[in-house]
Amino acid sequence: MSVKVEVSEGGVPHDRIMAIGIVGSLVAIYLTYLNVLTGTQIFSFFGGIGAVFAIWWGTDSIKTLCSYGIGTGVPSAGMISLGSGVIAMLLATKLGVAAPIGLVIIAAVLGVILGFLSDKVLNMNIPVMIRQLTELTIVGALILLGFASMATGSFAFIDMITGTTTFFGIEIATYTYSLIGGSVIAVIFMLGGIAIQHPFNACLGPNESQDRTQMCAAECGFLSMIAVAVMSFAFLSVSAAILGLLVAFIGWIYTYNEYIKLSKRDAYDWLDAKPIREPKGGA
Amino acid sequence: MVENLVLGIGVTALAGALATVAGAAEDTESDIGSQGDPNSQVQLAPQMGYIHRIYNKAISGEPPAYGLWCALGAGIAWAFMAINLNAILALIVGAAVAVFVQGVYATTAYLGRTASLAKFEQPVYIDILKSVTTVTMAHAFVAIFTTISMCYLMVAALGHPFPLPLLGLVWGIALGAAGSATGNPFYGKERQYQEQKFGAGVPISASGNIVRYAEAGERSSLDNGWFTSKLGGPASGLCFGLIVFFELWRTVLFEPFAGGWGAVIAGVVVILIFMVIDRFVETWARTTFGPYTEVAAAEPEEAAS
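Just so you know, the protein sequences line up as chains Y and G, in that order. Terminal number for the first sequence in this note's numbering: 500, no gaps in between. Terminal number for the second sequence in this note's numbering: 317, no gaps in between.
Source of the hints: derived by calculation from the structure; they are not laboratory data. One should not assume that every hint holds.
[To be verified] Within a straight-line C-alpha distance of at most 27 Å, the following computed DSSO-like cross-link-like pairs (lysine-lysine) qualify:
{"#": "1", "chain 1": "G", "residue 1": "LYS131", "chain 2": "Y", "residue 2": "LYS481"}
{"#": "2", "chain 1": "Y", "residue 1": "LYS481", "chain 2": "G", "residue 2": "LYS142"}
{"#": "3", "chain 1": "G", "residue 1": "LYS142", "chain 2": "Y", "residue 2": "LYS491"}
All chains, please: the whole structure from these sequences, using the hints.
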């Protein structure tokens with residue numbers, strides 16, 4: 218892409234977006250613990266909400282990082298975020314109740330190491346590299362944990378590697394039909410990786426505006442949540458999965474409508490079946 | 013033993029055929045939507061003063077995008093098979109949900125990119141959004157459904173050890189890479205730059221000067237589908253079909269030899285044979301069509317004098 222990347226000025230500062238993102242994501246992921254406390258599965262959808270918060274925050278991190286002229290690096294930033302995040306996430310799921318908090322610490326340490334390697338050892342020399350890669354690693358790990366806890370109803374490692382299958386009417390425990398054994402985590406990886414990079418990649422250009430990009434981020438988050446909700450039918454009770462699907466759908470319809478409104482506001486013109494209008498300056 | 017081998021070869025042929033259809037549909041889909049490397053010129057055109065009516069589907073590169081579509085289709089199919097839904101039905105539902113996600117991503121990409129170009133007076137054409145998105149979705153459905161069906165064949169008939177979603181991810185990335193590498197140059201250079209002399213490349217001064225008007229009226233992205241389905245699409249299909257066919261063929265036939273290493277050696281031999289063929293085709297094409305050889309450069313001078 219030979220596109221000049223320009224970032225909109227003003228708007229909500231990045232630090233505030235980060236604060237809302239990390240607090241919102243952690244609170245929502247912790248709310249899935251209500252499943253354990255109440256012995257049901259209906260609170261699983263909070264995991265997806267946590268992932269949406271993380272995607273919303275990660276979009277602004279990618280925007281900050283990629284404003285240093287990394288045009289084709291926008292999709293790659295999404296991939297490294299989830300790629301490093303999956304390591305932190307898998308390690309953190311062994312920590313029991315402390316998993317979400319532990320995840321942030323492990324991911325931060327990992328992110329600093331990766332940021333140092335790419336900035337100082339590979340000599341990329343981008344001033345915000347270490348900080349943004351740290352943020353993106355935490356974001357990637359939070360997305361994975363959020364969607365994984367939405368699909369399985371828990372953020373414990375043991376629940377992600379065991380599933381049940383019906384064999385001649387008898388329910389048996391199996392590794393094959395689990396989140397990790399069935400590689401559903403690979404799907405979540407791609408859902409998160411594309412969702413986190415798409416909003417800035419889609420909205421970049423001279424007239425990029427922060428509220429539109431962030432609305433697109435929320436829209437991508439809820440869209441991924443719909444997909445995870447459909448897959449959660451394999452792990453959760455039908456009512457819990459349907460509730461998750463419903464919440465995701467309502468969130469997606471609202472954000473998608475708002476995104477179209479904002480695009481209409483920002484567009485030069487909004488035409489239906491009209492010919493090319495040559496610019497006033499001439500081609 | 014022989015029956016197993018015959019079944020394996022049959023499944024290999026069927027998977028190769030599915031992959032061929034997938035490759036053709038994938039390249040046609042990405043060209044209609046202007047995804048991949050030709051996208052940069054579509055994005056650049058309004059900035060150079062060329063307002064156009066071409067779709068602008070910027071959803072990362074094709075390999076990661078198709079990695080997601082196929083992994084998602086396979087993941088949903090896997091989930092429904094896990095709750096004992098019929099396999100064919102599960103594959104259809106998986107492909108349908110994946111196509112829904114693809115269509116939504118396509119619309120947000122077009123709206124976002126076009127709205128961000130307001131400074132250059134590029135309007136959003138809603139009729140493009142309505143007519144082109146559905147066509148890319150239809151092609152994407154064919155590409156995703158055939159790819160995940162092929163992956164299911166590998167698991168169910170050939171006993172591949174990977175779970176279905178992981179195979180979907182791997183083969184989705186391979187599909188996107190095959191379409192991006194084989195079909196896109198054809199669309200990018202030969203379709204968008206028909207006003208330039210054949211083989212002239214794209215000089216800086218011609219950047220963004222893409223073909224915007226058709227033989228009659230204005231060019232739509234749907235015309236690119238018609239153009240691609242003639243040569244670029246089938247070429248991508250052939251590429252991806254051969255990749256899948258040789259990959260499975262070498263495993264089915266040669267795995268019993270040397271404790272599994274037979275398949276690895278056969279793979280290396282296939283790659284070497286293709287390198288020789290590629291080199292031959294490249295040198296042949298350059299000497300036959302290339303305008304930059306000394307002989308070809310000398311000819312106009314003779315004609316002038």
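Are any of the numbered hints broken by this structure? If so, which, sorted upward? none
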